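Bring the two chains, given one by one in their own frames, into a single complex with the hints.
Sequences listed follow chains A and B, in order.
When the letters of the first sequence are read in order and numbered with my numbering, they come out as residues 17 to 197.
When the letters of the second sequence are read in order and numbered with my numbering, they come out as residues 503 to 711.
If you're looking for bench data, these hints aren't it; they were derived computationally from the structure.
Nothing here was measured: the structure is a model prediction, and the numbers come from that model.
Just so you know, not all the hints are guaranteed correct.
[Claimed, not checked] Some but not every residue of chain B turned toward chain A, in silico, with C-beta under 7 Å: (1) L507; (2) I511; (3) I514; (4) D515; (5) P516; (6) M517; (7) S538; (8) T541; (9) V620; (10) V646; (11) V647; (12) S686; (13) N687; (14) V698.
For every residue, glycine included, the Cβ atom is placed at its ideal position computed from N, Cα and C.
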Amino acid sequence: MEHGTSDTHARYRFEMLAADVFDPLQRYLGRRLPADQVDDALSDTLLVMWRRLDDIPRDAALPWCYSVARQTLANHRRAGRRRLALTDKLRAQPRPVHDETEDPELDTALAKLSDSDREIIRLWAWEQLDPREIAVVTGLTTNAVSLRLTRAKKKIEEEMARQNPARAGHIRNESTQEHTE
Amino acid sequence: MSDELRNRIRRIDPMGPDVETRSVSESREMMEAVMSNPTNTEPTTSHRTEKSHQTLRPSAATPGGSIAISRPIAWVAAAMAIIVVAAVALMNSGGSAPLFLSAGEADPAMMSCIQFSVDILSDMDVAFEGTVTGVDGDQITLDVVTWYKGGDAEQVQITAPLGMEALIGGIPFEIGSDYLVSASNGVVSYCGYTGVATPEFRGAFEQAF
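Just chain B, with the same shape it has in the complex (with noise of 0.2 Å):
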């Protein structure tokens, strides 16, 4: 009778799925006003501390995880997450040990999500170029060819969520290839930011560090 009654007043919803909506890509204009105000997230608040215990399975520590995972939100608060995760797995690599970044999270509509501009690339915190030489499960490994910033380690490890194994960003790591990878915080910029190591791309990152 609850389902019932619900579909009847979806019937009479003014905005139901056949109305089409703006994409954010429509909406740069918005997107880009909004932004160039002052936000509040400054390294120094309580939300970082708390973050620095969260655990390193991503989808373990998503409180969203209660939530169906066909809702929106459920993606959104994991890609908070792993974000969090990632800056952990920053904190503990140091020297010659091998560097853990999280590939943060992987949906198709966002792979043009911040226009690529080399001074973006150069505020990144990890920036180098690598050779994949292993795919296993959720882990990614690369050997690193040549360190542009954040760090010396010899190997770096990149751990995709659950699910996401396959196509980490949107970008096929395949073994023997190589990459030129960079993270913010700990969690790789796959929105542009990351890829094959073509010439092109490795001028912006030769032009950004």
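Next up, chain A with everything else stripped away, as it sits in the complex (with noise of 0.2 Å):
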């Protein structure tokens, strides 16, 4: 009977905080990997929170649940590239998801970026997560967070400078480099 009290209580709460973080979580994978693989890695995501219900932050529960599917997601990448590899390489390597949008500008600018930095540019933007939000997912120090997002931003906001000088009049060229393209 103690177990099933525990176990209603448990269900109980995983259902709210599911109802909660179904859609952000949905969303955070379908950027990252291709449609056909969201439902398995957001159940796996699911799995590991339910096991690990009690170590739930209250603070900061969004941002753990991301971090959760941050380490599915990578999991779901090793295994898409064994599986490319096994059936005799169909393309070179994994195409990105989502490699072309309408803003080739952004596109230049985000591609020439490392990947933490990136990934820390768009839970910034897509996810709408602060620099400590984002710590909690990338287990990062919010400093270093800081630190880097403003740098990212400043990569992003002088490359398209550099490709589009006549929009770019605001941002002041801190730069002593040449352009050498």
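Structure follows, in structure tokens:
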């Protein structure tokens, strides 16, 4: 009976949590995985959340769930690469999920960032997280996230200004480097 | 400049707000499969001990209070805190002193969060039928008509989360009306397990306890 009560309580808490993070997690995964893999990754993420229900921090539940999803993503990508190797490489390498958008300038600028800086930018712009929350997701310190976020934003602005100088009058050219392109 | 950049990056979001996602209720199979696994919620974990030191005001005890209200995380945190709070209240009640319960979080989207079953109802540790004798701010007082389980108090007081006073858990508590209430770990189970005392609902309580 004791177990039953505890189980009911856990279900209750989990249902409440799931109702809140179900949509953001699907978006997070959908942004980073092919559509046909999202459900599997979502299910794996929910399972970790369920198993670790007592570990979920009350003040950072959603970022914590994103960090679990992030780990799940890494596992799925590894599995995806193994599948590709086995299926005789239909493509030379896995293509990015979303490789073309209607903003080629921004695409190019984002492509020039390191993987981890690009992810910080995505978490900031797409998941709408602040540096403290991004720190929970990535395992970096809040300070490190803030610095990298500032640096990455500057790099994007500069790269877009380089591509389209006419539209970038408001960006001060703080760099003394010559344009080499 | 930062906002402008953020908006520009949001415009290339492949999962922007116009893209639909599935709801929890459309994914019952996945949820049930997940919850068929063992979890780590055992009463002996250190988290439980820590929880017993929380204060009685749900909002004040919510660490997520510093986060913008519009963000979904804020109410998850609030919900967690309320669960915590109620556990304390239950421990403090005994004998014929009033029993204190928390109304938990109220979100209309959660109204069908657990499919009703008598088995789940019978797992609740508090169950009674009572008449509402007072609604005062965030406090609802019920005079107990029948105890099914978990107490012998003549009165039960339910504390609503701040801002949710008018409609606790989607249930409009009205003075003079009878309600069947169940609770687990001190939190009222409003998701189909608490409501106006109809003959059918009373039948379910009688069957469960």
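- Check each numbered hint against the structure and report the violated ones by number, ascending. Hint check: 7, 9, 10, 11 and 14 fail, others pass.
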